[in-house]
Amino acid sequence: MALVREQALVIAFDSTTAALAAERELGARGLPGRIIPLPREVSAGCGLSWKTPPSARESVTSALDEAGIPWVGAYELTI
Amino acid sequence: MIYLDNAATTPHKPECVIAAVTAALSSMGNASRGAHEGSLAASRVVFEAREKVARLLGCGRADHVVFTCNATEALNIAIAGTVNAGDHVITTDLEHNSVLRPLYRLEAERGVSLGFVRADECGRPVYDDFERLLRPNTRTVVCTHASNVTGDVVDLRRVSAFAHEHGLLLIVDASQSVGCVPLDMTALGIDVLCFTGHKGLYGPQGTGGICVREGVDVRPWKVGGTGVSSFSHEQPTAYPTRLEAGTLNGHGIAGLSAALDFVAETGIETIAAHEAALASRFVEQVAAVDGVTVYGDALVPDHGCRTATVSINVRDYDSSAVSDALSQTYDIATRPGAHCAPRMHESMGTTDRGTVRFSFGWFNTAGDADEAAVAVREIAS
Chain A
1 MALVREQALV IAFDSTTAAL AAERELGARG LPGRIIPLPR EVSAGCGLSW
51 KTPPSARESV TSALDEAGIP WVGAYELTI
Chain B
1 MIYLDNAATT PHKPECVIAA VTAALSSMGN ASRGAHEGSL AASRVVFEAR
51 EKVARLLGCG RADHVVFTCN ATEALNIAIA GTVNAGDHVI TTDLEHNSVL
101 RPLYRLEAER GVSLGFVRAD ECGRPVYDDF ERLLRPNTRT VVCTHASNVT
151 GDVVDLRRVS AFAHEHGLLL IVDASQSVGC VPLDMTALGI DVLCFTGHKG
201 LYGPQGTGGI CVREGVDVRP WKVGGTGVSS FSHEQPTAYP TRLEAGTLNG
251 HGIAGLSAAL DFVAETGIET IAAHEAALAS RFVEQVAAVD GVTVYGDALV
301 PDHGCRTATV SINVRDYDSS AVSDALSQTY DIATRPGAHC APRMHESMGT
351 TDRGTVRFSF GWFNTAGDAD EAAVAVREIA S
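Residue numbers (my numbering), protein chains in the order written: chain A, 1 to 79; chain B, 1 to 381.
Chain B extracted, bound-state conformation:
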């Protein structure tokens, strides 16, 4: 099988990740639960993983790296823990349901109002909307770093400058970009960064987290056992314990820690260049095919930073039918449909059929891109 659904998860984990998880499964105690060697060894693994995340993503403090089970949980915690009743929040049409649904729920339950920066017909953000949407009670901006539909990377410097000029908290969803393109939350002025471990970081599913800038208060979403301050009725206030009730996914974090080494040793610039070359190679071939529509920035000369995600449609075909043909006839794995980003499809006029998404990863080859392009050409013919 040629796997081109790395934006959903990277299926091939580095050997060091497999080894780390395997070792943890036969030895690991419960982190932060006592001082015997089994627990301490687990605690050290988790601690080192925090340090690696902080280093990779430019988080000023390792103890402000909080582990969650995925980016969705991270975003739920970050959004519910910072937005207050009556607040106005600016977000974008590019967002995934992991941002939209927590916001819609606050809108319904806490009287929070929402403003959406539009995406144009190609799925690119209309940046001027940020200023246009500003209200006296605007408190927060929630923004993805990269679209999971088009692969376009949002200009976070611009978004951050807007947010900080107006004293707004900036929460960023880095699910699609972490490990794929360089990202430094301190340099970019990001207040809360939510990430996943099983996509561009090549870690196990069930890992993700939140990086919180020093001085930012995120209220706990879940409370419970922490291994510290057991007689207190309240959740401890210090990060990361504040947001980490219950046993962590220690086995997964052991794998994530090894994966972070893999990404750091390989180099994000190297990974980004390899993946971008594959995506460009694919786009150049399919764009020339009659009946193929490519979305986003991919065809724009001198386009900005992109992830290796490409969305297309073929003639007036349903994206599900195209993706199914790719799977059944060519053994190529892609993703059809809406990709949990409904507003993007409303902007691009693709609500009726979605798009076919090809997403390349470090373990893909030029041959994979070429075979996929040939398959698209045949389906379009």
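With the rest of the complex left out, here is chain A:
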């Protein structure tokens, strides 16, 4: 089966702990998305990121900021 690509917003973190804190916070707020491996477009290294529909950018990033969860970038990608 071929990989299906779609438009997504990818939020990158600099630690696994931050990614898991984000999963907890965003899940509690009912915001869409899930943890995925960091795509190469963001960084060729390893790591975790949060994949969510581009339309959720404002709600997700402001939720992270309100909760004090550090994120290092938000990227709109076809992945």
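No lab work stands behind these hints: they were computed from the structure. Cβ coordinates follow ideal geometry from the N, Cα and C atoms, glycine included. Check each hint, because a few of them may be wrong.
To be verified - DEER-style ranges, computed between Cβ atoms:
#1 B:A41 to A:V4: 23 to 31 Å
#2 A:L77 to B:A41: 43 to 51 Å
#3 A:V72 to B:P301: 56 to 64 Å
#4 B:Y104 to A:P32: 51 to 59 Å
Since the structure of chain A is already known, use the hints to place chain B on it.
Below, chain B alone, put in the same frame as chain A:
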């Protein structure tokens, strides 16, 4: 067997800890190594354990809770990662070799100088020494929270006030106190707190950690795989990854997480009261026995906070001989010798024979304390 060596490790782990480790052994992926469910489940277990440690010990940030394999590793990381060449460090005669040897090594290899707050003949810290030892190049205080020999708890408020008045970093070894007496690193002004998981927290051996106050830089001691930033030549700078190279003891941390629930649900005040009652019950009985010497604060009226550790000697007997008799004749497990705290024995005049250490835990009973006291009385007779 009556086990009275809880200061070395607590042998009886709560059922929830056993269940958590067992479950992890048959299911756990590698935390922080990918985004499949096995890895994510492991990552969540570790993440939740960090949150529980932060809550229990008053660490302001869960991501500043770093897991290590024991308190010794934690202290090595904390000391080597903060003390610089030419620094002067103040520590105490109460310390365990897990503090002393990392400091002695820095003294030998990096020109670090050391000052020791004395312990008196009962093993209590001479607090006035902190000011007396201060030098222009003093940067750090490394201090235990509780003596592993006498069970006396150090007045960390006093130590912290001294350290912060002079802009010094305060590193605390909480190996003996965590889970046994209340401890809030933020309220006490502790900068770096090192702890173990397998004693008063009732977690598995191979678990421990460091809580780092926000704003404190601890240089990595080991570097390597982290699951993030793989093409960087340097270790990532963000905590906890910064100090956690290599696969964590995920199975052990799963057990520690359950153990933290056990301690929180039972309540540290409840645990402390139970253990203190056992230690007092034992001390009251043996102190009345001719030929028994009790060390530390245990016999001082209105003594301050103590852990449930009691060191004694019987007549002029070698502590090894007494401990062996307790084991062989009475099936009571105690610890003889120096307890890896050489300077304490120099202060107390017990370098030639050490002390016999009785340390009580949550699963001990009043009957255990009574049987131990009877055995001591018989050995002394």
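*Index of numbered hints that the structure contradicts, given in increasing order*: 2
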